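Turn these sequences into a full structure, and let the hints steer you where they fit.
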Amino acid sequence: MRNFDYHVADRVDEAFSIDGTQTMAIAGGTELLNWFRLGIAAPDKVIDIGRIAGLNTIERSGDWLSIGALATLNEIGEHAIVHEHAAVLAEACLAAASPQIRNRATIGGNVLQKTRCAYFRAEGPLPWACNKRVPGSGCSAREGLNERHAIFGWTDACVAVQPSDPLVALAALDAEVEIDGRAGRRRLAVAELHLTQQEAAAAGLDAALAETKLRPGEVIVGYHVPVRKSERSAYVKVRERASYEYALVSAAAVVALQDGLIARAAVALGSVAQKPWRLRTAEAQLVGQPPTRDAVRPILLAGLADARPLAHNGYKVAMAAGAATRAIVEAAA
Amino acid sequence: MATTVNEKAPTASSPITGKSNDLSKAAVTRRSVRMKVNGESVASEVEPRVTLLDYLRDRLQLTGTKKGCNEGACGTCTVLIDGKRMNSCLTLAVQCDGREVTTIEGIGSAEQLHAVQQSFIDHDAFQCGYCTPGQIVSAVACIAEGHATDTASVSEWMSGNICRCAAYPQITAAVLDAAAKSKG
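Which chain is which? The protein sequence lines are A and B, in order.
So the first sequence is numbered by our numbering: it starts at 4 and just counts up by one.
So the second sequence is numbered by our numbering: it starts at 11 and just counts up by one.
These are calculated hints, taken from the structure and not from any lab test.
Hints may be right or wrong, so weigh each one.
Once the Cα atoms are required to be at most 30 Å apart in a straight line, the calculated DSSO-like pairs of lysine-lysine come out as [said to hold, decoys possible]:
#1 LYS77(B) / LYS48(A)
#2 LYS117(A) / LYS216(A)
#3 LYS77(B) / LYS117(A)
#4 LYS94(B) / LYS193(B)
#5 LYS46(B) / LYS77(B)
#6 LYS216(A) / LYS48(A)
#7 LYS48(A) / LYS46(B)
#8 LYS48(A) / LYS94(B)
#9 LYS46(B) / LYS94(B)
#10 LYS193(B) / LYS46(B)
#11 LYS117(A) / LYS48(A)
#12 LYS94(B) / LYS191(B)
#13 LYS117(A) / LYS94(B)
#14 LYS94(B) / LYS77(B)
Just some of the chain B residues that point at chain A, by a computed CB distance under 8 Å [unchecked claim]:
#15 ARG95
#16 SER163
#17 GLU166
In this text the structure is predicted, and so the values were computed from the model without any measurement.
Every residue, glycine too, gets a C-beta built ideally from N, C-alpha and C.
Next comes the structure, spelled out in structure tokens:
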């Protein structure tokens, strides 16, 4: 690991000099240290935002549940008011990583973790192409081992997925992310924080490199989750071992029932795209249906009809429909 | 055991010069760090890139904490920081300024075993032993957190500690037994 200068910030504005390359922010560091080791990042200066006071609170204020960016995944996952008002978020936090990592990893940094694509996450210099690591070199996963890659939003430049669990829950909950920077604070729908490769390309950005709408110098300071009393939620994570593993596919569901039928539904899928994938057409069609497997699965499967599987990940379509079905049934139970 | 280390910055200049991101300046960067390790105060000058794991092993000679994967996947480097279990390989030493760190050496000793250590012996909860320091530290925290309630809960909340000898049934039994005994 290359050495760097290190500065402890007392205030958020001390981090506005971060540019994501030469100057980077660290909080928990569970992701950043591995970037440094692999050569994914090699900054000259690291600003520790982990000690900024007041950024780790979890509290309800009116119709919002507010969570500071420095709250750890275990703090969120085991917090009573998160269980009460946003069960899917608590479940997603506790389904992530390991107990030790969850004691360090913050919800601010978690959503900015990078893909687990094995071609990307190797020690540099890479013996193969990766447009995220060496711009213009190509995408080895596009025609290579891509069983864990995207079925939505990808381009030939990059087929990576975003692996965060809490991000999927926040997207289903219609949460907003609060961002601070030189231009002031702003709020953005969490579901719109990240960019698919197609969205990045359409915006004139580098399809492989542009992953979020964060601008240089901007810092995530917290999240705001709307509290809707009648809603219930659940998170389903499908993976190759029962714990401490990334998702093949995950699903977050938030439902409101009226007279035993779905009155409102929100469904977000994880590990199918470079952003949490909301099934908005299916969500509308679920209204009026009973929350049963037989009723919801065909609707969810139809909502995945526009998926574009790669050579080795066609299984993700049926798996995503199954995970979303389970999430709705469990949320309604 | 705990020592105070003060290193001088190296004077050799970097062979890489003239680039905006050259290492010559960063290479001599040191930060002072003070922490309590197993109850004793230590103060050092460290390069910011030094992990808590390397600091404990190489600078403080506390080699009970093991380096396995060095990427947060195996858990054998687990220590307590302000009482919470964390991977020392994913933590910079400078991030621990002002913190209290407990390693396996602070949990128990050969002369005075911790109840969890005794339980691991009683239940044959290891073979090669390389993961054991991390397992013990993690188990102490798991019990303190209240997660050692049944087999399923222990399996889930000890999942951050990999045992390649696969002594998991014995480890789970040892943790549950120690938890039951700690309740009296």
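(message) Holds or violated: LYS94(B) and LYS193(B), Cα atoms, limit 30 Å.
(response) 20 Å, holds
(message) Next item in the hint list is GLU166(B). Is there a CB on chain A closer than 8 Å to its CB?
(response) 5 Å, holds
(message) Hint SER163(B) vs chain A: min CB-CB distance below 8 Å?
(response) The hint is violated - SER163(B) has no Cβ within 8 Å of chain A, the shortest such distance being about 11 Å.
(request) Take a quick look at whether LYS48(A) and LYS46(B) sit within 30 Å of each other, Cα to Cα. (result) OK: LYS48(A) and LYS46(B) at ~26 Å, within 30 Å.
(message) Hint check: LYS94(B) vs LYS77(B), CA-CA at most 30 Å. Holds or violated?
(response) Holds. LYS94(B) to LYS77(B) sits at ~19 Å (cutoff 30 Å).
(request) Could you grab the alpha-carbon distance between LYS117(A) and LYS94(B) and see if it respects the 30 Å cut-off? (result) 26 Å, holds
(message) Need the status of pair LYS94(B), LYS191(B): alpha-carbon distance at most 30 Å?
(response) The given pair, whose Cα atoms are some 21 Å apart, holds under the 30 Å limit.
(message) For LYS216(A) and LYS48(A), compute the direct alpha-carbon distance and say whether it is at most 30 Å.
(response) Cα-Cα ~23 Å, so holds.
(request) Compare the distance between the alpha carbons of LYS77(B) and LYS117(A) with 30 Å, and conclude whether the hinted pair is satisfied. (result) 24 Å, holds
(message) Just to be careful, I want the Cα atoms of LYS117(A) and LYS216(A) compared with a cutoff of 30 Å; is the pair within it?
(response) Roughly 15 Å separates the two Cα atoms, so the pair holds.
(message) Does the closest beta carbon of chain A sit nearer than 8 Å to the beta carbon of ARG95(B)?
(response) Status holds, d = 5 Å.
(request) Mind checking the alpha carbons of LYS77(B) and LYS48(A) for me, to see if they're no more than 30 Å apart? (result) Roughly 26 Å separates the two Cα atoms, so the pair holds.
Violated hints amount to a single one, hint 16; each of the other numbered hints is respected by the structure.
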